[in-house]
Amino acid sequence: MTPHSSYEAVMARRAEIVRKSIGLDYDRYRKGVLAFDYEGLLADTGYDLGAVQAIQCRTAVGNTPLVELKNITALVRSVARRGKGARIFVKDEAANPSGSFKDRRASVSVHEAKRRGYEGVAAATSGNYGAAVASQAAKAGLRCVVVQEAFDSKGVAQPEIAEKTRACEAYGAEVVRLSVGPELFYVFLLVLEETGYFNASLYTPYSILGIETLGQELATQMQDRVGRFPDVVLVTHAGGGNLTGTARGLRQAGAGDTTVIAVSVDLAGLHMASDRDFNRKSFTTGHTGFSLPFTTWPDRADVPRNAARPLRYMDRFVTVTQGEVFYATEVLAALEGLERGSAGNTSLAAAFAIARELDQDQTVVVQETEYTGAGKHPIAQLNLAKRFGVELSRGDPRDNQPGRAIVIPEHPSQIEVVDVDLQHVRRSYLRNALASCPTGAKLNEDDLAFLAAETRSSLADVMEVIDELQGKT
Amino acid sequence: MAEMVAKGVWVEVHGTVLPAGQRAPQVPQDTQGVPLEMRVKGLLVAPAALGEEAEIVTPTGRKLRGRLATVNPAYTHSFGAPIPELSGIGGEVKAILKEQEGTE
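Chains as they are written, first to last, in numbering that gives the first Met the number 0: chain A, 0 to 472; chain B, 0 to 103.
Bound-form chain A, shown alone (with noise of 0.2 Å):
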C-alpha cells in the first residue's frame, strides 16, 4: 500500500492535480495579490438559486419542516426575565436524504460532475458530508471515493465516522479510511490523480451554492408561518460553508436584515492534527478546531480559493461548552419528540441563551439538525470520552474542559454563550493573509477593496491594521 509518489512530489503537483478535477481556472478571478472576484466566480457556475432548487428538487433535497419548539420556548421562557424568552425554530435538516444539510452541498457538486462527464467523484470529508456525496453519486449513477480521517493510531475509529464510514458503504462508495494526521490530503490528491474523478470539495462555489437555498426556504418559511422574516438565525459553524452559503440565501429572499450569529463547539486545547486528542473531542465537527482557522483564513481549503468565507457574513461569533449541546441534544428529544445529532445540535445550544436575552415577541431559527444513530449519539460520544478518561459530570458548565472534563448542565438556566471577540479575529484574518502574500508584493487598491469585504471593516481601518502589523505605527 506504499504510494508509487512521495509526499514532497504530490504535494508538489497539488496545483495541476486540482484543477482537472475541479476543471475551474481560478486563475481567471484574480485581480490583485491577494484579491479576486468572488462573486464572478460564483456567477460563471451557472447557477443560480433557481437552478440550484430544480436540481435538488429532482433529488429530493431541502424543503424541509421548519418546526417550532414551542416547550423548549416555555422551558426557556421559565428562566428569563418577565417579557423575554423568543419563539424558537428549528429547520429539520436530518429530512434530507442522507440525513443533514450536507445534501444541498452535494447535490450541485455531483450535478456538475455528470453534466462534465466525470465518471465519478472524491471527497475528503469524515463528516456527513460523505454520505451525502455516496448518496447523491448514487442517485447520480456516478462512482464515489470517500477519503476518511477514522482511527488513531491504537486502531480505536471514532464511533461518529465508523457509522459515517457504514452509511458511505451503504450507499456504494469505496471508503479510504486513515489514522490521524493532515496527510489525508496527500491520500486525497494521489486518489484524484489515479480515478481522474471530479473532486467534490466542501470549497467550491457548487458547494457554497448548493447551500443558499437553505438560507432563503428557512425565510420564506418563517414569513409564511410568523409574517416576517426571523430575527435571529444561528448557524453550526466549523468549515464556514453552513454559514456563508444560509447567509446568502437569506439576502436574496430579502432577509437581509436578520442577525446571523455563528456558533461552535469550544474545543480549547485540543490539537486537531494530535492522534492522541483525536479521540477525545467527543465532536467530529461543529467545533472551534475548524471554525477558528477557517474563519481567519479560508483559504487554507483543498482549493485555491474558498468560496466559503464567513467572515463576511457573520455578524456574531459565539461558542458553547461540549456538555451544554449534550443537554441541549437530549432536551430536545424529551420535549419535542426530535432524537437528533449532537454536533447539529450546536446551535441549539447557544439558542437556549440567545433567546433568553431577546423579547417574547422576537424570533430565533436553529437552521440545522442531523441524524442521529450508533455511533452517533451522545451515549456513543460519552462511553468513548469515559473510555478515554475524560471525567464526566453535572455541574456548571464553565467547568467543562475540553479533552479531560464533560460537564453537564444542571439547570437550563446555566447555559450560556460566550463571544469570539470579531475585532480579534479580523486582526488575525488579516495577518494571515499579509502572511500569504509573496515577498515583496505589494497591496493594489484591489486588494484594498477586497480585504475590507472579507472583513466588513472600512478601508481606512484596514489600513490602519496593515501599518500596525507591518510595524508603521
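Keep in mind the hints are simulated off the structure, nothing from the lab.
The beta-carbon is built from N, C-alpha and C at its ideal position, and this holds for glycine as well.
Be aware that one or more of the hints could be misleading.
Covered, in the sense of this in silico footprint (three residues per stretch, anywhere, with C-beta under 8 Å from a C-beta of chain B), are these stretches of chain A [unchecked claim]:
(1) 62-74
(2) 138-146
(3) 327-335
Cβ-Cβ distance ranges computed for the label pairs, FRET-style [as the list claims (entries may be wrong)]:
(4) B/Pro83 / A/Asp36: 52 to 58 Å
(5) B/Lys6 / A/Glu193: 20 to 26 Å
(6) B/Pro18 / A/Arg403: 48 to 54 Å
(7) B/Pro83 / A/Lys83: 29 to 35 Å
(8) B/Ala73 / A/Gly388: 25 to 31 Å
(9) B/Gly7 / A/Ala440: 54 to 60 Å
(10) B/Gly7 / A/Lys153: 28 to 34 Å
(11) B/Pro18 / A/Gly195: 24 to 30 Å
(12) A/Gly226 / B/Gly90: 35 to 41 Å
(13) B/Ala94 / A/Gly470: 55 to 61 Å
Chain B: place on chain A using the hints.
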C-alpha cells in the same frame, strides 16, 4: 500455515502510507511518532492468507494491495450503556415546565 481466504470474499487490507518519523513537517510530536496507516475494503482478487500481502478490487473498481487484515469486517460501533449523567435530564425539564404551568 494461515488459513487461505477465497477469491471474491469481502475483506479489508491494511498498509502504511508514511512511516513514523517521516510524517508531514507540521504534525505535532505525538503524531510524528506514529505511522500514517490506511485501511480499505474490497473483494479479494485472488486467494490469500490472513496477514499476508493481498490484492482487492474496491467498489469503484480500483485495485489496491495491502496486508490482508480482516475477513468480512464487522460494523462494531454502537451506543453502549446509558449515561446516568444524561438520563435524568428529560424528567428534570418536564418538571420545570409543570411547575411553570402551575404558577401561570
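Consistency of the hints with the structure:
no.	hint	result
1	62-74	holds (count 3)
2	138-146	holds (count 3)
3	327-335	holds (count 5)
4	B/Pro83 / A/Asp36: 52 to 58 Å	56 Å, holds
5	B/Lys6 / A/Glu193: 20 to 26 Å	23 Å, holds
6	B/Pro18 / A/Arg403: 48 to 54 Å	31 Å, violated
7	B/Pro83 / A/Lys83: 29 to 35 Å	33 Å, holds
8	B/Ala73 / A/Gly388: 25 to 31 Å	26 Å, holds
9	B/Gly7 / A/Ala440: 54 to 60 Å	58 Å, holds
10	B/Gly7 / A/Lys153: 28 to 34 Å	31 Å, holds
11	B/Pro18 / A/Gly195: 24 to 30 Å	29 Å, holds
12	A/Gly226 / B/Gly90: 35 to 41 Å	36 Å, holds
13	B/Ala94 / A/Gly470: 55 to 61 Å	60 Å, holds
The structure fails hint 6 only (numbered hints given earlier).
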